[in-house]
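> As they're listed, the protein sequences go chains A and B.
Just so you know, our numbering puts 104 at position 119 of the first sequence, and the rest follows in order with no gaps.
Just so you know, our numbering puts 60 at position 76 of the second sequence, and the rest follows in order with no gaps.
It is worth saying that the hints were derived from the structure and are not from the lab.
Hints may contain errors.
What the hints assert, rightly or not - Below 27 angstroms or equal to it, Euclidean Cα-Cα: the simulated DSS-like pairs (lysine-lysine) are:
{"#": "1", "chain 1": "B", "residue 1": "K12", "chain 2": "A", "residue 2": "K124"}
{"#": "2", "chain 1": "B", "residue 1": "K102", "chain 2": "A", "residue 2": "K155"}
{"#": "3", "chain 1": "A", "residue 1": "K127", "chain 2": "A", "residue 2": "K155"}
{"#": "4", "chain 1": "B", "residue 1": "K12", "chain 2": "A", "residue 2": "K(-9)"}
{"#": "5", "chain 1": "A", "residue 1": "K220", "chain 2": "A", "residue 2": "K239"}
{"#": "6", "chain 1": "B", "residue 1": "K102", "chain 2": "A", "residue 2": "K(-9)"}
As the list claims (entries may be wrong) - To spell it out: a stretch of chain B is covered by chain A in this simulated footprint if at least three of its residues, at any positions, have a beta carbon under 8 angstroms from a beta carbon of chain A; those stretches are:
{"#": "7", "region": "98 to 105"}
{"#": "8", "region": "251 to 258"}
Yeah, the Cβ is synthetic: ideal placement off N, Cα and C, and Gly gets one too.
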Amino acid sequence: MNSEKKSFIQLENLSLQFPLYHSNHRSLKKTLFSKAEKFITRKESKPQRTGAEIIYDDANRIYIQALRDINLSIPSGERIGLIGHNGAGKSTLLRAITGIYEPNTGKIITNGNIESLLDTNAGMNQILSGRENIYLRGKRLKLNNNQICILEKDVEDFAQLNEFLDLPIKTYSAGMMMRLSFGLATSITPNILLMDEWFMAGDSNFQSKARNRLASVINKAEIVVLTTHNLSIIKQWCTRVVWLKAGRIFADGKVDDIVNRYEQAMHENPF
Amino acid sequence: MSLQIRINNHSLYNRHLQCLADVIESYKLWNLACSMAWLDIKLRYKGSLLGPFWMTSTSAVMIVAVGVIYGSLFKINTQVYLPYLSISFILWQNAISSMIVDSCQCFLQTDTFIRSLKLPFFLQAIRTVIRNCIMTALNSIIPFVVFIYYHRWPGSIILLTIPGICLWIINSHAICLLLGSVCTRFRDIPQIINSFIQIIYYITPIMWMPSQIQNHKTLLLTNPIYCTIQLIQGPILGEHLSIYVITGAILYSFILWIIAWVTFLRSRSRLAFWI
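Generate the whole structure from the sequences, applying the supplied hints.
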């Protein structure tokens, strides 16, 4: 651990394409072609398209261009809000920073340990009990038995699932699942915290509790990147906003500025 | 702090480095791999009365039945045939067949993990190997009982199996990397392998003994699975390991590792997209 060095994220010309396999090539191609045509013809009348571009290479393989030419430098201390339409590439960008997807071109340089809250049952085994899942998470984080006990106690106190903690998590309701994964994810303070938007759901009692806990984690982490459609969350937590549109950075800057422009665009083009 | 640089660099040197880093990072998480392997077994037999010993009991019945029938068909004394069959059948069933079948699902079964957490890929290979090691160890109680029953306990010579077992464990990792990657990309391969396993079972001396085809014994050396099994069961059965079997096993391991490593080099960065 080198404490002098500060965390940072640096993305240089990052592009990411998803290959599409395992689908009926011909019929899929047909449907995509017809959809692409519709997109192109509608494009002028409707600039706010969702989804990323669908492209074909020489061998007629189908790719989805999820991210294109992303240049972003995030120094320590910044809280970034990612906004954009569904399919604009927000979650893909988080996955790329986490290291799950490797870039096709460009560079991703990160410093600091990264924890990402990508979806509620991220990396959980549905058949195992909540307690066993906590235990596995502890092992993944290379904690020793003592630390795992502390983690278990912390999550148990927060989630208050009582006897459900010893039942398989497939028996949990969506809310209970939320409690467990939120508690688990926020009991560890990483240098870099990446969050997808699910973390603000849940009942109102839980919300306020979660908010306090989230606040403490966000304040301790050096860098936070969160994606959400809730602009009030962005205004409350973030110091900078990045607006993604069809896999590109459309705007990047101060919170009020970008949020206003985004609201205006949403208003003009309510989709 | 951990500095990570991820860049799509096509230079071979860089890819080697990334794959090596994956392997090293995986071994740092061996503790997790052990827990995962153990929970896999626990889950597979959850709610069943005998648990993993169902497999042991069915194997035992199979070995006794086949031992009696084929022993008389082949006209081999049961005292010789049953110990041989018990060890070769367990090695085949657990160490080879189920290892190969499991390795196809090595990355596919963990799709939720791979898509939402950053974990090294080799970890899944270690997990699959540990799981099969545990199962093999549990089932090796059958040959143990058979050998005790026939008073054929080989004594300290059994230690000579250790190199064979080590080689098998090392090669199992390679099989996981190779078949795991290929099966993630091409979903037909697991089906093909499932049918090929059947054929290999009959052409490898599992039910029949190598001595029965004395004239064509050199042909057996072309079978990598024979070499692997022979390296483990030879010393237990009190046979001398021929130098050909040893060289064969080492040679096949080298070839396997080269193919597996090249496959892993090419596919590692794409695995997350294929799943």
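> The structure should be examined with respect to each hint, and the outcome stated for every one.
Hint by hint, here is what the structure shows:
1. B:K12 to A:K124: Holds, at roughly 11 angstroms.
2. B:K102 to A:K155: 23 angstroms, holds
3. A:K127 to A:K155: Holds, because 26 angstroms separates the two Cα atoms, which is no more than 27 angstroms.
4. B:K12 to A:K(-9): Status holds; Cα separation ~25 angstroms.
5. A:K220 to A:K239: 10 angstroms, holds
6. B:K102 to A:K(-9): Status holds; Cα separation ~21 angstroms.
7. 98 to 105: holds (count 6)
8. 251 to 258: holds (count 5)
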